[in-house]
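Visitor: Chains as they are written, first to last, in this note's numbering: chain B, 1 to 340; chain Y, 1 to 320.
Everything labelled a hint here was simulated from the structure, so no lab data went into it. None of the values given here were measured: they were computed from a predicted structure. There's no promise every hint is true.
Some chain B residues judged to face chain Y by a derived CB distance under 8 Å, without partners named [unchecked claim]: (1) Ile49; (2) Ala116; (3) Phe145; (4) Leu152; (5) Ser153; (6) His210.
One-sided and incomplete, this derived list gives chain B residues near chain Y with beta-carbon spacing under 10 Å [said to hold, decoys possible]: (7) Leu84; (8) Arg85; (9) His104; (10) His117; (11) Gly121; (12) Arg298; (13) Leu301; (14) Val303; (15) Leu306.
Just so you know, even glycine gets a beta-carbon here, dropped at the ideal spot from N, CA and C.
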Amino acid sequence: MFLQVNDLKVAFSTEDGVLNAVDGLSFSLERGRTLAIVGESGSGKTATILAIMGLHDGNTRVGGSILLDGEELVGASAGNLRRLRGERMAMIFQDPLTAMHPYHRIGAQITEAYRAHHKSGAAQARKRALELLDRVGLSDPARCFESYPHQLSGGMRQRAMIAMALVCSPDLLIADEPTTALDVTIQAQILELLGDLQKEFNSATILVTHDLGVVADLADDVVVLYGGKAAETGSVRDIFYRTGHPYTHGLLGSIPRIDQPRHRLDAIPGAPPSLSNMPTGCRFNPRCRFTAAVPDDRCLLSVPSLVSVEAGHFVSCHLGGDLQAAAARVSAQSAEGDRA
Amino acid sequence: MVHFLLRRAAFGLLTLWLISLAVFILFYVATPGDPALMFAGEYATADQVALVRARLGLDQPLHVQYLTYLGGLLRFDFGMSFVNQEEVLSAILRRLPATASLAFGSILIWLLVAIPAGVFSARRAGTAADRLVTTAALAGMSFPTFVVGTLLFYVLFFMLTNAGYPIFPSGGYKPISRDALEWLRHMILPWMTLAVVGTGTYTRIARGSLLETLNQDYVRSARAKGISEGCVMYHHALPPSLTPVVTLIGLDLGGLLGGTIITERIWGINGVGSLAVQAVENGDLPMIMGTVLFAAVFIVVANLCVDIVQALRDPRVRLG
């Protein structure tokens, strides 16, 4: 495995005590594949990728293990992490306007990472940057090189940011909601570009998003995060067609479909749990439609573990992944309730 | 850039004109006493007062007076002192070197201390070292200038001199053109007097602003590139964090050049501040107007300089 995350824990120490943003997350990723991490705000998506990049500050405890090509990142020295960042793993941020330095030219921001990791002169770094600006589809690379971020449009900025991340040809590319800040038409172009580049560079890609449409487009595998834990992991087909977790089911139900008759979208009731006040038992139980299908209040009392429901498809739910049977049981129970 | 600066300069001129108008109204229209009476003195006869009034142009209609006043300003003619018939402009210019030495020197000291202290403190935010620096800065801010000045006078002049080390003089100003070393010797304590308060304020501002900048996305991006922490700190985080400091220097420098009354008084420096105080004490109207207008010019010019510096630093301002 190229990237192997085992039992990852990320805890913030705050004035309200210790908050567990990520609580025992495991996944793995091969070169050339794309893993989508899906979840609502506060589900631990960003905490996870910052832990991989080693970008958490001193008030954050990271536990468990992150192996990048066999090298342990948890507890690695600052110097080692710095050597890996930019060179072997790079990141594309959500909002290119705030993620780029307002005082520095695009060219300087791209060559900076290259020069930090290669003993090369300015000319070679410039050549590399122009090459990449051209590759990400910017029509006038030389002009972009000399521009400041605020002089480019949102889509051009995001392309420039992708060039910035790719400058050292990283083996692991992390894209944190790369299209959220963009117009819908630009989103599609950027997604296509990301897909092409991933094939070309054969990098392992982590795509953080809350947009399941993006997942369907780009990802091979999916981790659905809820309250800092994996609710369901599996291939895109597993997640979309053999959904095993009520939360994933809820997420899919809240996407409008044009291939089916129009009906009201099913929103997931309630709000994501707060880190300082996690529900007991299954973290999803206050919002789950299926708790009645599980006997003995087990959803409220015990934390479900992540179990395999088929090869490569894991679900953390007391129902064991069989939502159809559970739905039948819930409707039978409510019919019985109506009769009585 | 040129367009931006022209706009700022035009705005500065407008401000100056408004201030000059306010000064005119204050001193020609709303003044409580009769300036001619003040100028002529206590024992003047009615004829003498009338003569003075005619010579000062105070018998003219108000709009003529205003145009004369404005015309004078445009020729840098602020009139003559009522007290000693000295030209107001030359009186101010004669005192400017002392005030300018005081202002630039103390600002230089407080920037050289405050910015490194702020960076030191921000990099160690939450630690004992950070708390020590912020507490010291708060203490510095809280001391009134006259207390700091008196303490420095007592300890570094009085006690040292009594102990047989007359390193610092008790006060006065020696022009730098005559003897740079003497100038320095005479300026150190006044600089420190002003710098204590300024250093405290600027340390806290530099620290707070740097902490805020360190939380910006672009600083995280810089770290994500794997560049050295020193480069992240001094190339990416520090320059944008200095924006509030630069803005404040503009205001403070303008204010200090307009006269530092207490510090000049404590150290017996004959600067613009003490000139303004004397003018007020003597009811010397042209001199008061001159010092007020001068202070306003310095503030406007200093702010224009700040705009230029910000434009040079930030391409978003420059290229708008």
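Visitor: All hints are to be evaluated individually against the structure, with a verdict given for each.
Guide: Consistency of the hints with the structure:
| no. | hint | verdict |
| --- | --- | --- |
| 1 | Ile49 | violated (10 Å) |
| 2 | Ala116 | holds (5 Å) |
| 3 | Phe145 | violated (14 Å) |
| 4 | Leu152 | violated (12 Å) |
| 5 | Ser153 | violated (15 Å) |
| 6 | His210 | violated (18 Å) |
| 7 | Leu84 | holds (7 Å) |
| 8 | Arg85 | holds (4 Å) |
| 9 | His104 | holds (8 Å) |
| 10 | His117 | holds (6 Å) |
| 11 | Gly121 | violated (17 Å) |
| 12 | Arg298 | violated (41 Å) |
| 13 | Leu301 | violated (39 Å) |
| 14 | Val303 | violated (33 Å) |
| 15 | Leu306 | violated (30 Å) |
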